[in-house]
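Given the sequences, and given the hints that come with them, work out the whole structure.
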Amino acid sequence: MGISKYLVGYAIIKIEGESLEAFTNLAMERNVPIWDLMPIDKNFWQGKVPLKALAGLRHISHVSGVYFTVSKKIGVSQWWRKLTYHPVATTVIILVLCLLVIYTQSVLGVRISVDGDLSHQEKTAILQTAADYGIDVGLWQRNLPWDKASHGILTTYPNLAWVGFSRDGVILRVKVILKDEENRNNAIYGDVVAKKDGVIRELLVLQGQGRVPINTPVKKGEVIIGGEILHLDEEGNPTADNTVVHAKGIVFGSAWYIGEAYVNINEVKPKPTGKKCDKLTVKWRNTEYLVWGNNNHGFKDFTAVKHVVLPGMNLEVTIDKVREVRPQYLQKSKKQAMAEAEKKGYQKAILAVGVKAKIVDKKVEHLAIPNNNEIVGVRVTLETRENLGVFQGFESNF
Amino acid sequence: MSKKEMFRAAVSQTLDIPSELTCDLPRLVISGNKNVFMENHRGIIHYDPNRLEIAFRGGKLEIQGDNLILPILKPDALEISGEIFSLNFIVI
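Going down the list, the protein sequences come from chains A and B.
Residue 431 in my numbering is what sits at position 302 of the first sequence, and the numbering runs on without skipping anything.
Residue 49 in my numbering is what sits at position 54 of the second sequence, and the numbering runs on without skipping anything.
Hints were generated in silico from the structure; no laboratory data involved.
All values reported here derive from a predicted model rather than from experimental measurement.
One should not assume that every hint holds.
A partial selection of chain B residues facing chain A, derived with a Cβ cut-off under 7 angstroms [said to hold, decoys possible]:
| hint | residue |
| --- | --- |
| 1 | P21 |
| 2 | I25 |
| 3 | G38 |
| 4 | P44 |
| 5 | I67 |
| 6 | L68 |
| 7 | K69 |
A virtual CB, placed ideally from N, CA and C, is assigned to each residue, including glycine.
Following this line, the structure appears as structure tokens:
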């Protein structure tokens, strides 16, 4: 509210006369807001009104016979008016603002960051090339020839895999990535082999020779894309010496995961009775001292949980929580047992599924258990679509 | 109470409408002895730092206090702040 009044602008007025109440009531009647009204003296008040209401107040003053004077005008508009009275100060402020805009929008430094090893001379040379293509100190940050410069740097330095630019305030950063990593990988020759049993559904050979047709089952370790390229004629006779490469490709296939679970229809579960016997012991130099609680709980069936505080120290504090339980016999329906077994089987199967694998199908089979009607068995089979290939280097050196 | 006012009060009671709406009664929000917010007033009758008289339909409200100021003054509402000693309703 205060800020809006300041933005719009208001005046501090002093009203003087016999019927000040009448003046105020007339102002209210004509929707002139007055605030911070306070009596200074008898027949002399002070208040605040919006600047645009001053004209209306003159008429009210005339009607009510009360005189008012504007003692001060406050607001953004007044501030601006004051500035116009001081042209030198205004010019200086505008100049400073312009300089600030120019400073923040221009390039005051160019740095280089490299993902890899580059000598100082090489870095300087790359920065020089960037400057030749228009990325230099003192230029306007907008409309810099980013594409032209990155293309020019990549053409000039073939050992660079990627060039990019980023702005860090007034500093421009040239980011480069070397090709070394890629070359190092390519220097290792090998095959793409199956990392698990499955059926190949998609195969895209990027480097090497495809060895397995689509929709063919593969065993774990079987070569899918060969790193050794065989040069054969139509009859299968070698035409040239075999060449070796770093096999690359996209291998997607189906894999199956199985989870089996058995559930007893008559289940026995421990149920807490509510009786408990906790104890706190302190162990000091192989001697155990009972601080609180009882060593002999006297429960027939119980569960015990041990918490060791400060383990491995000379002073070992142990809290034993013993709870008495009694067996609770639960009888489930066959449907309930089946559902539980299916849930457990699914959990077992999904544990083996990789993070990036996509489950495309789920099959549930009921396992028959001869001469036992109490146990229900379920086998859950999950079919996934996932990357089946993994690079494996040749054992021998070519 | 005039017939008109009695009718208004009856309508307000029957239809369960707040009486400050139908009978144009003043509505006051008092915050301790520091602040009074009043709606449905009819103007200021008397104002000095120790006494303030505000008109409303059918009477006036007399506020005794010290350093009384009017931070908000609108046609339908006003706010009084300062050290308030007493509020006195005078029904005419």
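Enumerated hints in conflict with the structure, sorted upward: 1 and 2
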